[in-house]
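S.K.: Here's the letter readout for the chains.
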Amino acid sequence: MSTNAPTAPLGGRLGRLTDPRTLGSAGIALGALAFWLALPPWTVRTVGPSIALGIFAVACGIAAAPRGERRLGWGAIVVGILAILGAIWLQGVQEATLKNILTAGLLASTLRFATPLAFAAMGGIFSERSGVVNIGLEGMMLMGAFFGIWGSIWSGTWVVGILMAMVFGGLLALVHAFFCIHLRADQIVSGFAVNLMALGLTGYLFSSIYSSGIPSGVSRVPNVTLGWLDSIPGVGNFLAGVFGDLNLLVWIMFGVVIASYVVLFKTPIGLRIRSVGEHPRAADTVGISVYGVRYTAVTLSGVLAALGGAFLSIGFTGTFAENMTSGRGFIALAAVILGKWRPGWAFAATLLFGFGFALSIPLQREADISASVISTLPYVLTLIALVGVIGRSIPPAAVGRPYVKQ
Amino acid sequence: MAETPEATPGGFSGLTGFYERAGGFIVPFAATVLAFVIGGLVVAITGHNPFAAYKAIFNGTGLNWFFPWVQGDDRTHAAVNLEQTLIIMTPLMLTALAVAFAFRCGLFNIGGQGQYWVGFIAAIWIGTHMSGLSRPVHVLLAILAAIVAGAIWGGIAGILKAAVGAHEVISTIMLNWIAIYGGQYLFEPNGPLQGPIPALPRSSIIDGSAKLWPIWKMEGVIQVLHAGIFIALFALVVYYILLNRTTLGYEVRAVGFNPEAARYGGISVARNYFLALAISGAFAGLAGGVDLLGYKFSVDTSDFATNQVGFTGIAVALLGRNKPLGIMFAALLFAGLQTGTSTRALDPTIFSPSLATDLATIIQALVIFFVGAEVLIFFIWRARRHLRFRGAGAQA
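In order, the protein sequence lines correspond to chains P and R. Sequential numbering from 1 applies to the first sequence in the numbering used here. Sequential numbering from 1001 applies to the second sequence in the numbering used here.
None of these hints come from the bench; they were simulated from the model. Keep in mind that a hint or two might mislead.
Claimed, not checked - Okay, the calculated bits of chain R under chain P, using three or more residues with CB under 8 angstroms as the criterion: (1) 1171–1180; (2) 1267–1273; (3) 1306–1320.
Said to hold, decoys possible - Derived list of chain R stretches under chain P, where covered just means 3 residues or more per stretch with a C-beta under 8 angstroms from a C-beta of chain P: (4) 1213–1227; (5) 1348–1359; (6) 1363–1370.
In this text, a Cβ means the ideal position worked out from N, Cα and C, and glycines have one as well.
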């Protein structure tokens, strides 16, 4: 409901500045700035500037909220208040502690946590853009995690592990596609069954094959060491801290995100996928195989989600545990919705959730907060983001509806 | 149009009609049989004897208690197992109702698990902080607290859905994890509700006056069947009446069938989304309360991550087709499956319980697949007739 607000009587540039949309966005930005001031590298040790900025943010929100930008306005108010409270709280925290939490390693760790989410989110985008809801991402990730480590142990090399993960993730997705497309089962119910199936199957195989646990020394996906980053003057140290020692799969993830964008929005294939998701009948009429596109897209989503799962097992930890994905597939799905079914924005959303996961580790080490409370952080963050300062997202028109050929 | 939630990305409203139409019991029954057959194949492929495994699991459920020829020690074992099955069946019926009620409004409530825990925790608080009350009052108060807490937890997802159109599948999953970790925090060492022993991550045991009345006492059995099963059966009746005999139920079903039409007919879709999820949450919260007051009496932090009663409730609701009687039988099936595959009831020399637990999950998944895809069942049914027809033709 973002109707155009009536132009302010002052007109011109000033009118644009007092536009509720601009005000709301500015309020949110100011609120964020207010909080950031209290953090390294600034670390302003008086609370004054933060409070002033925070109040300004709230004021912007109050100005914007009643004038058609309820979501942005309230967002600015909430961000402003949180920033003031946060800044006051931060005054009580040792500066050294803050520096220990906010390091380049935190960003690297954000990328690491975002990687499985991003893979699954890209998969989710392909599936949903073609008109098939895929809440089975979680299960497909789990398949990838298990068969990744299984292939790696069986063959002794991580390459086979990744291939196996992709094959079995794709197979499970194919089952989902068959039930959704040909059998016209409800897509959410089928996706739920996919999750349960993966949970049972990987648990069953795990207990029967590795009853004495995963052996140590599993072949893992190597890290890519970029030593030369350090020699860049100025920011080199920081860049090396973030990008210097990332897993190969993280870099593949970057590639997948870019490729997803290009394929979906710059190629005829992408146009086909999107048209099938928006108006399958029209697509059918011009000779696009609706079933073919949907099968391909859903299978691809399983392959990508499984890559994310494989990162969890053979990229990140080198081990497997029952239900080790613990809701990540659903967080990826939230990222898809938050990112409005666009690869770039969805990736940004996974970074946000990844940050939630990453932050919980140094917080547990440095701050005197219960680990259980901190573990809720990514989930709370997802919930808040879902309510969204960002705006309502509109799914592809035909998503969730089975298509019947005529 | 004021704040109106958009259609769910799942296009879920078609589902309720789907379930209404087919009705009957052939599809769920066939789905179950098919699921067990495929589960048996998995057992056979991994080098075990499926018949022996299923027989052991069946004997573990205690349902053989109903066979008159089972006598002596076997009968005692069967009684113990049957009691356990009925204890597990109780919350399953309620968490299934939590799923079913939202289903009828076109919503998929995966949050039963979180709502269960919130109800459970509320009941613990009443059960340990209100000593001196008479037993009926204390029990009633604890149960009411569980219902209200569950309704609030479900209602959060409902408000998010109604006000900003946040997809309930994701919000309820997130609320599940928040409830699970929040619960761990409450009862871990130095947690606000931790029990009297400092090193033990466990709550206090509730007062005797808050415990539900036992109804089937046996010698040497710790977990006794309790009056909660009557509460759950009563809830099935409440569910039926609420849905089919009240204005609220009419509106909920109307929204479930077709939100657009309901809105056109003057029904507030947002309000019904909220109410449906809140009432769903109330059922799941009641499940938590009944479990605590009936036989658990306290909670260990490790329980939070392992308990699956909310998720199994989804399978129960789907298999039971959101009908009270269907839910009752489906709950019995899955409760039996859980008891039968437990470490205590299943003979490990025949089939390892750790495998059997996962087998039970696989069977659940298969059941949901097949119930969800009725077309497949009908297809097999037709193909079978077709084959028989061809066979008869070949003979002639």
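S.K.: Look at each hint and say if it fits the structure.
M.R.: Hints, one by one, checked against the model:
Evaluation of the coverage hint for the stretch 1171–1180 of chain R: fulfilled, as 7 residues show C-beta separations to chain P shorter than 8 angstroms, against a requirement of three. Residue count for the stretch 1267–1273 of chain R with a Cβ under 8 angstroms from a Cβ of chain P: 0. That is fewer than the three needed, and the coverage hint is violated. Judged by the Cβ-Cβ criterion of 8 angstroms, the stretch 1306–1320 of chain R is covered by chain P as claimed, because 4 of its residues qualify and three suffice. Proximity of the stretch 1213–1227 of chain R to chain P, defined as three or more residues with a beta carbon under 8 angstroms from a beta carbon of that chain, is not established by the 0 residues found.
Taking a C-beta to C-beta cut-off of 8 angstroms, the stretch 1348–1359 of chain R contributes 6 residues in contact with chain P, enough for the three needed, and the coverage statement holds. For the stretch 1363–1370 of chain R, the stated coverage by chain P holds: 6 residues have a C-beta nearer than 8 angstroms to a C-beta of that chain, and at least 3 were required.
When held up to the earlier numbered hints, the structure conflicts with 2 and 4 and fits the remainder.
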